[in-house]
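> Quick mapping for you: the protein sequence lines, in order, are chains S and G.
26 is the number that our numbering gives to position 26 of the first sequence; each next residue is one higher, with no gaps.
162 is the number that our numbering gives to position 162 of the second sequence; each next residue is one higher, with no gaps.
No lab work stands behind these hints: they were computed from the structure.
Errors might be hidden in some of the hints.
Unchecked claim - Covered stretches of chain S (chain G as the covering partner; in silico rule of three or more C-beta atoms under 8 Å from a C-beta of chain G):
id, region
1, 35–46
2, 71–77
3, 81–88
4, 134–148
5, 162–174
The structure displayed is predicted, hence computed values, not measured ones.
C-beta atoms are modelled at their ideal positions from N, C-alpha and C, and glycine is treated no differently.
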Amino acid sequence: MLGDVPDDKLVARALAGSNSAWDKLIRRYERRVYNYALRMVGNPDDALDMMQEVFMGVHRNLPGYRGDGVFAAWLFRIAAFRCTDFLRRRRFHSTFDEQTSERISPDQPDQDVMATHANEQISAALLQLPVEQRHVVELKFFQQFTFDDISRQLGISPNTAKTRLYAALKKLKQHEELRDAM
Amino acid sequence: MRCEEARSSLFDFADGMLSAAQRDQLTEHLDSCPDCARDYEAISDLALQASVWHELPAPRWQPPRVGSPLNLAAFQQWFPSLASAAALILVIGMYLQMPEFQVRSTATVAPQSVSDVTAAPAPGMMNTSLDTALNNNRQERQQELQALVALMRAEMDRRSEETEESLRYVIAHQIQGQREIDDLYRYIRKVSSMPATSGSADQPVIGRAPADRMSVNRVSADKVPVEHKPVDVREQMQ
Chain S
1 MLGDVPDDKL
11 VARALAGSNS
21 AWDKLIRRYE
31 RRVYNYALRM
41 VGNPDDALDM
51 MQEVFMGVHR
61 NLPGYRGDGV
71 FAAWLFRIAA
81 FRCTDFLRRR
91 RFHSTFDEQT
101 SERISPDQPD
111 QDVMATHANE
121 QISAALLQLP
131 VEQRHVVELK
141 FFQQFTFDDI
151 SRQLGISPNT
161 AKTRLYAALK
171 KLKQHEELRD
181 AM
Chain G
1 MRCEEARSSL
11 FDFADGMLSA
21 AQRDQLTEHL
31 DSCPDCARDY
41 EAISDLALQA
51 SVWHELPAPR
61 WQPPRVGSPL
71 NLAAFQQWFP
81 SLASAAALIL
91 VIGMYLQMPE
101 FQVRSTATVA
111 PQSVSDVTAA
121 PAPGMMNTSL
131 DTALNNNRQE
141 RQQELQALVA
151 LMRAEMDRRS
161 EETEESLRYV
171 IAHQIQGQRE
181 IDDLYRYIRK
191 VSSMPATSGS
201 ADQPVIGRAP
211 ADRMSVNRVS
221 ADKVPVEHKP
231 VDVREQMQ
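Required output: the full structure, derived from the provided sequences and hints.
Below you can see the structure in the form of structure tokens.
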């Protein structure tokens, strides 16, 4: 029944007290936010923590959402803020290889193992970037936002976003794991 | 096309957002510029890499409920305004109940003396209990003021008495001193008019007389040594 309901209507219903609308909103975005968090922080446990923090932030700020833009862009602005705060608190170090290897169990199908391996390589490459460059790469290439959206989400100008993106590309070109994943 | 212009269009080119003419111009530039071509290659590689990412399902977790947390969020939004309004109402209420405000308001309605204002407050401004409290407060203040005035008067009287006594003492000593000076003056004139005589016993100790005479008031004659017994000038004169 709520399958094709626009985000704004789900938000309005959630604010009116509808748990089903709120659940629908979460289920619609939790996978996307979780994978975003996984690429940003590099391991599943931290990604889960960060996803929960993002939705708690959405939950807390939902009454202030005015519906004057795309809900996803508003959500990822909160996500970017939460992610920056999360990484600052955690002082994340490159523990990706240790923790993600726990997910790959011997009885997994070969296709899943390959996919997981590709994800690990991509995450390892992204983790070589400074956080501000990682944000721009994530929002541009994985979330498909425009530079105007990215500038609003990160509080920078579109030209600054492009400059950071070129700097990230230059660094990624030198990363051998990314080339291997291609 | 210059490199700067080409670089600003590479992302739109990769997204297929350029017009046919722009696309042709950029393609021509990329064929002739290895640097821009490498940038475009990097953009394409990263876009391809992003598409390779295998989306993982989110782990099971317990999302927040709409019930209390959202209500809490709404509460957090309107609570500051409500608290400010309540504080403002409280301050206004306290101000209206202050005695000064009551007197001022009543005096504005009917400019009379303070006692009249206290005796006949304007109707509708104060209830009976407030009237009683106001009158009690005023009586207490009047009593305090009267006590303060009495204390000030007593202090002024005490100081006046002290001043009067001091003046009396000073005048008395001035008179006495003047008499002594006059006596001494007469004695000197008498001595200077008399022929010189021997016998120091009859001569007064002029130099010591004033100081010794002053000490008579404080020291009894019995305690004064014989050789230092003061000599009264007036006795000498007589």
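> Now look at each hint and say whether the structure bears it out.
Hint check results:
no. : hint    : in the structure
1   : 35–46   : holds (count 4)
2   : 71–77   : violated (count 0)
3   : 81–88   : violated (count 0)
4   : 134–148 : holds (count 5)
5   : 162–174 : holds (count 7)
Hints 2 and 3, counting from the list given before, are not met by this structure.
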